[in-house]
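One-letter residues, chain by chain:
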Amino acid sequence: MNPFPQMSRREMLKTSSASFGSLALAGLLGDEARADRLATRQPHHTPRAKQVIFLFMHGGPSQVDTFDHKPLLTRDHGKPLPFPKPRVQSAATKNLLKSPWKFAQHGQSGAWVSELFPQIAGCVDDLCIINGMHCSNSRHGAALLELHTGSDTFVRPSMGSWITYGLGTENRDLPGFITMCPTMTHGGVNAYSSAFLPADYAGTPLGNASIPSEQAKIPFIENMNKTSRDLQRFELDLIQKMNRERLQHFGADDQLEARINSFELAFRMQSAAPELQDISDETEATQKAYGLGNDKTKNFGRQCLMARRFIEKGVRFVQCTHSYKWDQHGNLKGGHESNAMEVDQPIAALLADLKERGLLDDTIVLWGGEFGRTPVAQGDNGRDHNPQGYTMWVGGGGFKGGMTWGKTDDYGYYAVEDKVHVHDLHATMLHLLGLDHNRLSYRFAGRDFTLTDIHGEIVHDIIA
Amino acid sequence: MSRPSTLLLLVFCIAPAPVARAAEPDAAKIAFFEKHVRPALVEHCIECHSEDEPESKLRLDTLAGMVRGGLRGPAIIPGKPEQSLLIRAVRHGELFKMPPKRKLPQAEIAALAKWVADGAVWPNAKPVDPKETKGENSEYTLTDEQKAFWSFQPIRRPELPSVKNSDWIQSPIDAFILARLEKAGINPAPRTDKATLLRRTTFALTGLPPTPEQLELFMNDKSPDAHARMIDQLMHSPHYGIRWGRHWLDVVRYADSNGMDENLAHANAYRYRDYVVSAFNQDRPFDRFVREQIAGDLLKPLSGSKYEFDHLIATGFLSIGPKMLAEDDPVKMQMDIIDEQLDTIGRAFMGLTIGCARCHDHKFDPIPTADYYSLAGIFKSTHTMDNHNVVARWFERPISDEATVAKLAAIEKQLEAQKSQSTSVRTMAFESLRSTAIENFGEYLLAAESKRQKAKLRTTAQSIGKQYSPEKFPGTLYLEAEKFQRGNPTVYTKGYGEGIGVILNAGPTPNFVEYDIEILADGMYQFEVRYAAAAARPCVLSINGNVLEKDFAGNVTGSWYPDKQKWEVAGFHKLKKGKIVLRIEQPMYFPHIDKICIAPTNVVGRVDLKPLKSDFKPVSEFVTSLAIQLDKIDTKHPLHFWLKAVADAKDTEALRTLAANVFKQPAAKGLADFLKASGSPFQLSDPLEAHFEKESVTRLTQLREEVKKLEASKPKVPHAMGVREGMAADIRIHFRGNHLTQGDLVPRRVPRAIPISNAAAIPKGESGRLQFAKWLSSDKHPLTSRVFVNRVWRWHFGAGLVRSTDNFGRLGDRPTHPQLLDWLAAEFVESGWSVKHLHRLILQSATYQQSTVVPVEQLDKQIAADPENLLWARMSRRRLEAEAIRDSILSVSGKLNATMKGSILPSKNRAYVTSTANVNPNVYVTDRRSIYLPVVRSAIYEVLQAFDFADPSVINGSRQTTTVAPQALFMMNSAFVADKTKAWAEQLTAEFDNDRDQIRHMYRLAFSRNPNDTEVARAVAFVDFYQRRLVAGGKPEDASSRLSAWQALCRVVMAANEFAYVE
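Chains A and B, in that order, give the protein sequences.
Quick note on numbering: my numbering labels position 360 of the first sequence as 360, and the sequence is numbered without any gaps.
Each position in the second sequence, counted from 1, maps to that position plus 464 in my numbering.
A few of these clues could be false.
What the hints assert, rightly or not - With a Cα cut of at most 30 Å, we get these calculated DSS-like pairs of lysine-lysine: (1) 578(B) - 407(A); (2) 796(B) - 407(A); (3) 94(A) - 1140(B); (4) 94(A) - 1096(B); (5) 1499(B) - 241(A); (6) 85(A) - 565(B); (7) 1359(B) - 241(A); (8) 920(B) - 79(A); (9) 1365(B) - 764(B); (10) 915(B) - 94(A); (11) 1096(B) - 333(A); (12) 400(A) - 1028(B); (13) 50(A) - 1372(B); (14) 1028(B) - 1077(B); (15) 920(B) - 94(A); (16) 217(A) - 1446(B); (17) 764(B) - 241(A); (18) 1030(B) - 226(A); (19) 94(A) - 1372(B); (20) 98(A) - 565(B); (21) 1372(B) - 407(A); (22) 325(A) - 1300(B); (23) 333(A) - 578(B); (24) 407(A) - 770(B); (25) 915(B) - 85(A); (26) 1043(B) - 1077(B); (27) 102(A) - 79(A); (28) 1180(B) - 1365(B); (29) 333(A) - 1028(B); (30) 226(A) - 1499(B); (31) 1133(B) - 79(A); (32) 85(A) - 796(B); (33) 94(A) - 1244(B); (34) 1100(B) - 94(A); (35) 102(A) - 298(A); (36) 565(B) - 79(A); (37) 1096(B) - 98(A); (38) 94(A) - 1028(B); (39) 1300(B) - 1365(B).
Read the hints as simulated data drawn from the structure, not as lab findings.
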């Protein structure tokens, strides 16, 4: 296929009437990484995890109805909150509202989980439940962006972009950072864009939140010319022949070579991605376990199954989004019940599957929303946004299993003990991936940027 | 967060506080300190807040340290725990939380507060005078290093350096470049060939490839000024403004939607875009261009009606940035918006990261926090937003002649007046309803109590219909619903009515049925209905025209089918002996009603609380509201006496008597006031217009008509985003950028690091934007012209003389050719800030006209001496930008629609453009130039996104070029390329009947050159072979398969590197 025998760069420079680009030179000088931004990179220290799955619960699940058991909230139901509410609130709230769900302790660790998550409750010995989470903003857009990018004020690279930038990707036939069915509201692309990092690190969206996950595809992966694969290869051969002639005419140039390679990658991706998305090779038992046969669970179930398949193939960062459903200002009972039902079985199946395949040790699984909800009522059957204290959980990838970390106050409003800010969570995740959050920086417009800005402390106590 | 300590002398006064006394010998207080306070401080605080480099410069190991405080001011004010930052911090208040990770036990917090309240007694401490307190200040001096920093130096036009190879010089620029090359011992690259030069120049000035006609003309034009004339011709084309306007739009983060959290359409932003394009086309002097964008509304318009509104539209620059429109803290929102403006202004015009000084003095550049807030004061005195609510609203101004704008303003004022009249009519009518209700409060109590009791009965009463038999329940009327005398529903005995027979709708609405029935005896009757409903369809039940129930059969039973048919007790009503007409009505459709049962009952008592005056008609909404309140009250509620009375009353008459004298009851003291205040059951958000007296209703209708007429008479005036003057006022320094901790008031003024002698002071009552704009666009400003000529250089060469185009501060790069930069800046200013003049200088230079290819014999030397091509010994090969790639595909395929101006964004202004779903992709289906594609923040068109379009949320003067697989997928697979290559192939095959000529034409169009014979032969072979393969695959051997083969060649040509790169 290649009309030219392999020549070394130097030879090529010497033999042709050559010129060069600065990148070619970087190559010559031995800095290949500059030319290939997605090459696997050495982390700063020995990593505990290699990959990440982020299960994003858009809207903000309520901590006091899921993982943060508050007996006093039940006891004092209907009474006023005995301490002040925050100065900034998103809506007017009333008195304490007890959880409509019962809590019980589970696993050897005895972690509290409400009856909303009967199946995840069976996995608690693999999870670290962080009950003292807090973030900076009480509005969806800002909090969502802070969770994804570290900033609730400005457009910054997504954590998936930072991680791909830090570690490169292990499978050149697939994107390094994939986000399935991302929401286009509350920040949209900004939640997975690479902002000022090179586009190589941007999340590749599969569909969006309004598209059923089984129809979600990589942009332009489908051939709109309806050309057969053979003929497309034939076209590609001519393109590459012309490109190589040009290259020989001008001499080595990394930009031009990179473009030649990108067409080959695209061609491979075109078959790799649909193959990976065709799940017919999964056993019936597996499909059932993820809830694919059930209308209620199949959408998120497929996302979870795809996450496992992508992780298996070496994709660095995979995000599944359970779209804007958790925002129960009203209808807490019905809403949370339905939402939990949609994700409980798929998530439990994912955790079990990863564990069985030995993938959980190397993969961080992160679960949570952009904030939690207030223990006080909005209306009669609802809760308002609460960034002051809420729950997220992590599993695998070097986190301690069977642990509950941090506390909110007696009613679950404010984080009070072993608080973990979103910045701290980011710093800890990077740490487990072998990256130092202070050193993983990028200079843009004369300033060194990091995911955690000037913040972030590693939470060593939750590392195994 | 430490600052260069040489920068500032810190002197700062806080509000006077009592001098903290050393401990009066008070053993109890000392003991308290030793027992409760010192241990807490030692355990939790002093690790970070003691002697060596204390955090935030705050020491908590001495009383002096506490009282004098750190960067945020004093930690304690003895005697005032509520005002003491220490106490606010340990309480984990909003401002900040200490210790950061773990809140102290409640007892320790209480102890610290008590200690401060008791005067903060600290054993053996000397008195501390808080006046020595340190804090931020506004004293300010430049260090020598800052004074000498290159970009702050005045611009002086340097002498042209002398060179050996003076023949090479074509433009003064070349002397600077060549002098450096000669010093390094490198020869410049040879001049590029003519065709390449044309392709390079055409893309540079218009963003489009040269047409074959332009190519032929230029190749045949042997005159020495052929290139110069071509430059002028290209700059004369309207496509020039599109190309260079788009560059500027990168710098000003242009977008057609807000992005961020609330992605609302900027449906009027395009006027600013059109303004930018036309300003470049007119070669508007750049200094004027700067002033218009910052303070156009305060300038005189340019003469000529074409430009009448340019100066107003230009201020859109300040408003089109991304904003968090849903922020619960309005002050934070406003300061964030100002910050975004300052950050953009600083970097776009001066290459200064002013935004860094929001929280602390700039760590690298001479911008103290005080100067940041001086500038912030200017923009806080500017009206950018109409409000800072959730969701906030940005300001827009009408763009029309004065008379029309005045007319519009007058109508809007009238509308305001009408609206306030309507409001006052409504308020007064409602007040009158309310006071009548209060006067008749006894009646309302009785009515509400009746309602409550009936509701109670409805849930507790046994259904008779369920167990009906004529023997068991004599005197009961048991009706099949379908046996009505009059009505319009359909009778169903199948499906929904299988086995029972129901009535349901079959078309005409409203639905109604009437039954003629006879009541056998006077008395109280229980009304029941059996029905099925999957959705609530409440009906009105009436007898002889009197409404009895408004939510008859109004619940959801689970489905429409017989298995969900349920009996329901609907109400209790007194009926008289005799014939009656029972009517059921629904404004739309009936639920599926099976039976109705009216049974005599001996349920009596409180259900039947007769009104005091038999004809009294209460306002039903008040009754409902009162009933709801009665259901919820506790013992402290002023109406609690009534519940007690209801529980204790022997009969209904006792309650009626109580109601008649309700205000005279001792237990009801304060009741009248309560009913007037907020929290009263008569305080409703609904004004209850339906109950108004006729007079008010007539007046309101009349006012509504007038409003409608006024709305219709509004002249259709276009609006533009922008700013106007607001309330002029200075603001205070915000410690660490937080508006909750404020320091000194600082005057509005321009940054002091760049004093310009004739910069005018800001008069009282003005924001200072005008003075700031004049200072910024002054001929003497050291940054504005340097930064802009460097941008132009970057856009022509792919890299700036200062590589960091948006940062000319200490963290930015130094210029590779400082003299050349200054010469260009001086020349630019002297030419009257003419951008076109700058292009001529650059494009006509030998430097620009070099080849990208370095002769082989010079290669090693150049690699050694100038590996990064910092000295410009050749031209850089560059990939086309996203827009140029798309526009080239359109242009080459003959599909380009050259229409200028206007917007194709289909959204209404301020409407949401994205939801959980993306923008409707149809908005991007257009053949117009890419600058006119809607720029939807946080959902950028995937084609632009794939090819490194600048993120429209931040300024970007130097786009990156990445090479990623989605770009290749786009070229190979996208509908856009499929469409355009098809159109191109059709056009080519229609125009040519000779394959070889056709291929030559394709090369000229796509690559601006003629193909050699091998290339032609190869292309012909490709098309032949491709068609054969199609035919082998079952396609007919005719023109259609031939066309498909040509289309494949078109795809190949457009995908080739040569198409996407400019040499």
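Of all the hints numbered above, which does this structure not satisfy? Sort the numbers upward.
Going through the list in order, the structure violates hints 12, 13, 14, 17, 18, 19, 21, 22, 23, 24, 25, 33 and 38 and respects the others.
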